[in-house]
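These protein sequence lines are chains P, V, Z and Y, in that order. Note that our numbering gives residue 313 to position 184 of the first sequence, counting from 1, and the numbers run on in steps of one. Note that our numbering gives residue 401 to position 272 of the second sequence, counting from 1, and the numbers run on in steps of one. Note that our numbering gives residue 388 to position 259 of the third sequence, counting from 1, and the numbers run on in steps of one. Note that our numbering gives residue 277 to position 148 of the fourth sequence, counting from 1, and the numbers run on in steps of one.
Honestly, I wouldn't trust all of these hints.
[Said to hold, decoys possible] If you anchor each label on the Cβ, the simulated ranges turn out as follows: (1) P:D213 x Z:T376: 42 to 52 Å; (2) Z:D139 x V:P216: 12 to 22 Å; (3) P:P216 x Y:T247: 47 to 57 Å.
[To be verified] To be clear about the criterion: a stretch of chain Z counts as covered by chain Y if any three or more of its residues have a C-beta under 8 Å from a C-beta of chain Y, and this derived list gives those stretches: (4) 134–140; (5) 211–223; (6) 347–361; (7) 364–373; (8) 404–413; (9) 437–449.
[What the hints assert, rightly or not] Here are some of the chain Z residues that sit facing chain V, going by a computed Cβ distance under 7 Å: (10) K175; (11) N226; (12) R241; (13) A319; (14) P381; (15) A383; (16) G386; (17) N387.
Read the hints as simulated data drawn from the structure, not as lab findings. For every residue, glycine included, the Cβ atom is placed at its ideal position computed from N, Cα and C.
There are 4 protein chains.
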Amino acid sequence: MGHITLVSGDGKDAVRTGVTAIRPHPGNMFTEKVPAAIHVINGFGKATGIAQVAELGVLETPIVLTNTLSVGVAWDALCGFMLDSNPGIGRQWGTVNPVVAECNDGYLNDIRGRHVLTEHVTSALLSAGPHCEEGSVGAGTGMSCLGYKGGIGTSSRSLGEYSLGALVLANFGQPGELVIDGVPVGRLLADDNPPAPPGSIVVIVATDAPLSDRQLGRIARRCQAGIARTGSTFGNGSGDFAIAFSTAEKVPHASQGNLVSSRIDDGSMQMAMIFRATIEAVEESIINSLFAARTTYGRDGHTRYGLPLHRVREILYRRGVLGG
Amino acid sequence: MGHITLVSGDGKDAVRTGVTAIRPHPGNMFTEKVPAAIHVINGFGKATGIAQVAELGVLETPIVLTNTLSVGVAWDALCGFMLDSNPGIGRQWGTVNPVVAECNDGYLNDIRGRHVLTEHVTSALLSAGPHCEEGSVGAGTGMSCLGYKGGIGTSSRSLGEYSLGALVLANFGQPGELVIDGVPVGRLLADDNPPAPPGSIVVIVATDAPLSDRQLGRIARRCQAGIARTGSTFGNGSGDFAIAFSTAEKVPHASQGNLVSSRIDDGSMQMAMIFRATIEAVEESIINSLFAARTTYGRDGHTRYGLPLHRVREILYRRGVLGG
Amino acid sequence: MGHITLVSGDGKDAVRTGVTAIRPHPGNMFTEKVPAAIHVINGFGKATGIAQVAELGVLETPIVLTNTLSVGVAWDALCGFMLDSNPGIGRQWGTVNPVVAECNDGYLNDIRGRHVLTEHVTSALLSAGPHCEEGSVGAGTGMSCLGYKGGIGTSSRSLGEYSLGALVLANFGQPGELVIDGVPVGRLLADDNPPAPPGSIVVIVATDAPLSDRQLGRIARRCQAGIARTGSTFGNGSGDFAIAFSTAEKVPHASQGNLVSSRIDDGSMQMAMIFRATIEAVEESIINSLFAARTTYGRDGHTRYGLPLHRVREILYRRGVLGG
Amino acid sequence: MGHITLVSGDGKDAVRTGVTAIRPHPGNMFTEKVPAAIHVINGFGKATGIAQVAELGVLETPIVLTNTLSVGVAWDALCGFMLDSNPGIGRQWGTVNPVVAECNDGYLNDIRGRHVLTEHVTSALLSAGPHCEEGSVGAGTGMSCLGYKGGIGTSSRSLGEYSLGALVLANFGQPGELVIDGVPVGRLLADDNPPAPPGSIVVIVATDAPLSDRQLGRIARRCQAGIARTGSTFGNGSGDFAIAFSTAEKVPHASQGNLVSSRIDDGSMQMAMIFRATIEAVEESIINSLFAARTTYGRDGHTRYGLPLHRVREILYRRGVLGG
């Protein structure tokens, strides 16, 4: 994961946006593709690359997250990044399928200004490493979630032999809806936060368990459940997308012979654990994004407050969810 | 809704099954079809009629629910029911698309015996009325849900001008997973219930709000969120299907001229209310099915206990969810 | 493939229907499933089992073809056939997903009479062998295609190391539309055949090439092209479904460890050959069904004439398509 | 339709590309959206905006066609074009869903150079008018089709009260595959044309017939048949997409009350005519693109010859397809 955070200006020109790049592995994604699937939970969104991932079952670029109106520049920059490391693209090798996803940070950010530039995207791609910053960083800089400041969140689960991690760009929901571990925290906080414009969430689930593209689709489809647990009602304008990939197999761009792959049995206990871990990790990632994000002052005097952690803990403690 | 409940025998021949018929309106469904959509949440299920509902956007028969291995006889009986009231089917009018959905009640029921007969289905169709029995009735007779006795549950919401109702055939989940209003009741009850074979849930959402087939698809896709709130992790073997229909428009079998229809604006407050109401009504229907279902002794000495209501209330009260 | 052909009676009670069963391999399909995909070209049809094949990527029963209104009985009989050879179904093994597809033979057959019985389906399943009868046999008995008598047709292609075969139940199209090898034979014949009620086509593509379920989906989606070449305009009421499976892998019902499978590279020359072979074999199967089917007198004095082979050959010869 | 054609340079820097913009109506597409559907025939392509069109059933921007690696800049420019005429986007109105589609012109064009700039896209959008240039213009400048020079083609059909038009960006297929009116012209010409890298086709079908988004999906799905008639075998690397829209209804961005719309009956003769007209118009558009495109010399000495019209006519005449 690599973040570029853009914060500058004020008033109607406030820039509160950024780019987050996810590289499934440190190598060349075009020559070592990974099995993947994308599921559209609510399609009011502009994610690119979906049709080709569905057709071929692989991801062949890093994933770039940014604000909605910067999808074009992010696509172009990601394309350029792939061209630079693969001279065969557009020549003997066909083309490349950039996967970009987005949320609308227009409440805090001058999104119309399209302040994300090619170099920001490239920097995010080049800076990607194993670290895990959360909250108001990268693409999460200007995001709002369930009435509070949202952004990037992560979570992982160990599955014995394998592990699974989730990353979210959380920007969905209305004030009052937040649920944490089953407790209607948003309703109990009763803060008077302003509603956001239509939000969204992008979920990325990564695992090293050996899974086929079809099985990764099953995982992607379960992400809705994790989001639901945090209080979402999947509003009309919420572009909710889930991307799942496995790093267990590297698929070459072109193969001399047949490809051999391994997969977990759909009916195994391991698969049941993966389904459960997916839902839990998505839920936890969203909550983590809220816990990590800080109050942000943005465009036209808009403010999005960070979750009041002290009061939240008090509520959870009173409800018996947190030990004392 | 009409139920036929089949309870007889014991040991390996125990019959604990039935049929539930849902008639969207009391008229002839073939000549007065209703806009509809079916969403597959997890496709380990045998529901019929999906492709045609997707293609034409209408439901043209009542919906019949029963056990998994009785789908064939239910299809045949529903087909016969439609033929009887529509002499033109199979002659000048083309064919009819029976919609049947199912769950696996094999833990309590001798499902291999396929005890549902044509006359049971026909009786359920003929007995359908506005009443709302819940729990271990009709298709719900032998169902298990989240470790307890499940079955039929219903719930509704008023949306001002319109209303929306949900009906579930609840047969999913494993012991310990149950969540009620956010409280992990299943975990807290810590009952030692035996796991069930792969379960399922069928959700039916009905509304009189004017909605197109596409919009009904949006509603059907939101049902997953309501199920998720009750603790489901959408196991491999769970055939989870959602059917949504609107009674606001009657679509004739063949029309002389163009068809005119009205629909709510996707971005309106009404649609937001409908999305939220869908999720809430589905959640509540599932909980209602558990509250209504009673302990059932079934096949080969299997017992599925009803939810221990007194202890559940105590837990909810202690967690501050129920007032005292 | 096994056929049961039902021909009896006359007038309004004329029975001109049947059953065709396709067994992907002679073994137990439930314990040795095969990778598969089903594609819906035009969803005005009642094929069953689609959702589960999409979710799990396997076929776990033979495929049964029959007339539209006999889908229920065929489902029931196929279910029973599977129960008989698998005592674990409905007990420790979960349920089974019968795949039944259909076309409407109501022009020639008293389809409302639902003359297919359980024993006919079972006989078709038991009689299945490697032989290849075509035309007005089995499920093809009462079918009409492009204004002429249709039915069962087959074709195959050798792909070097692998081979591929197509089987169709052809019942689509209107008089005058038939195209053979690019020649508008239907228009040139200018026969005055009566239009058919809404037709359909079921296409089954089988191969021993190692292909994943996703890749089989790609093959299924290409079947539309083969149908298009014979003149179809994919009418509103035509239930056009394509099923593709590979016999290269046997998938157990439950596996102790991970599953290993091999697949052809999507970008290989072999895949290009498979795509082309699919389209050609589907086209040829349809034409073969027309060449094999004989004039049939059916319900209420309806007659469907066999393709006038002599005149067809003359047309093709004149157009330079057939050598002299 | 508006075209910007970019032709300059030679050798490895040869620019043979462009932009074609399709404006469904001359007004503001964001405030007067049109019902639409996009169908993915083969998903090896990078078209954007698909998920949102599926979710909401409307097109809210013009459609921009260009080369594959310029999708990002085209998206960005189309986004900017919409922002300029809609100050509410990204403020009180949420975001906008640019629809861009592409084909790979890398055989003739230095596609890696990404020579399409923002101003080219904007110019194409501003120059859009009712004229119909075909062949090697706009996005079609560098395209190859079935071994010959391809590009833009159009065709239309009158349906009595309504009309329907198709536009293609044709860049698919291999040498020798071309079929014209059923005659295997490509095989008979036996030209020794070099194979192309993986191609693609984008089909746009426009009509003023009143159709719902679901019905437009049915039309989009039938485009595959029109392509099939010209010889395509839908190769692995061919990104084949079909977009259908109706101008009969203008859908506002947000509505005060319910929306009322009219649609043709699915089972009507008019719908049958529309299905047939779609297939014919798509077929004819492709042939027209080949007839209009001229021999083009491009990158690294690559040449793509225009269809040898004289020899083609001779072949068609000999086969009895063209009158003398």
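For each hint, the structure was consulted:
Checked against the hint of 42 to 52 Å, the C-beta distance between D213 of chain P and T376 of chain Z comes to roughly 44 Å, which is consistent with it. Evaluation of the 12 to 22 Å hint for D139 of chain Z and P216 of chain V yields a pass: the beta carbon distance comes to about 20 Å. Taking the beta carbon of each, P216 of chain P and T247 of chain Y are about 26 Å apart, not inside 47 to 57 Å as hinted. Here the stretch 134–140 of chain Z counts 0 residues with a CB under 8 Å from a CB of chain Y, which misses the bar of 3, and the coverage is violated.
Note: the stretch 211–223 of chain Z has 0 residues with beta-carbon separation from chain Y under 8 Å; the three-residue rule is not met and the coverage is violated. Using a Cβ-Cβ cut-off of 8 Å, 10 residues of the stretch 347–361 of chain Z lie near chain Y, which meets the minimum of three, so the contact claim holds. Requiring three or more residues with a Cβ within less than 8 Å of a Cβ of chain Y, the coverage given for the stretch 364–373 of chain Z holds, as 3 such residues are present. Counting residues of the stretch 404–413 of chain Z whose C-beta lies closer than 8 Å to any C-beta of chain Y gives 3; at least three are required, and the coverage claim holds.
Against chain Y, the stretch 437–449 of chain Z contributes 3 residues with a C-beta closer than 8 Å to a partner C-beta. That satisfies the three-residue criterion, and the hint holds. Interface hint status for K175 of chain Z: upheld, as the beta-carbon distance to the closest one in chain V is roughly 6 Å, under 7 Å. With 7 Å as the threshold, the beta carbon of N226 of chain Z comes within range of chain V, its nearest partner Cβ sitting at about 6 Å, so the hint holds. A distance limit of 7 Å between C-beta atoms decides the matter here; for R241 of chain Z the minimum to chain V is near 4 Å, and the interface restraint holds.
For the restraint placing A319 of chain Z at the interface with chain V, the shortest Cβ-Cβ distance is roughly 26 Å, beyond the 7 Å limit, so the hint is violated. The interface hint given for P381 of chain Z is broken, as the beta carbon of that residue sits about 15 Å from the closest beta carbon of chain V, more than 7 Å. With a cut of 7 Å, the hint placing A383 of chain Z at the interface with chain V is violated, because the nearest CB-to-CB distance is about 11 Å. The closest approach between the C-beta of G386 of chain Z and any C-beta of chain V is roughly 16 Å, which is over the 7 Å cut-off, so the hint fails.
The restraint placing N387 of chain Z at the interface with chain V is violated, with a minimum CB-CB distance near 15 Å, outside the 7 Å limit.
Against the hints set out earlier in the document, violations occur for numbers 3, 4, 5, 13, 14, 15, 16 and 17.
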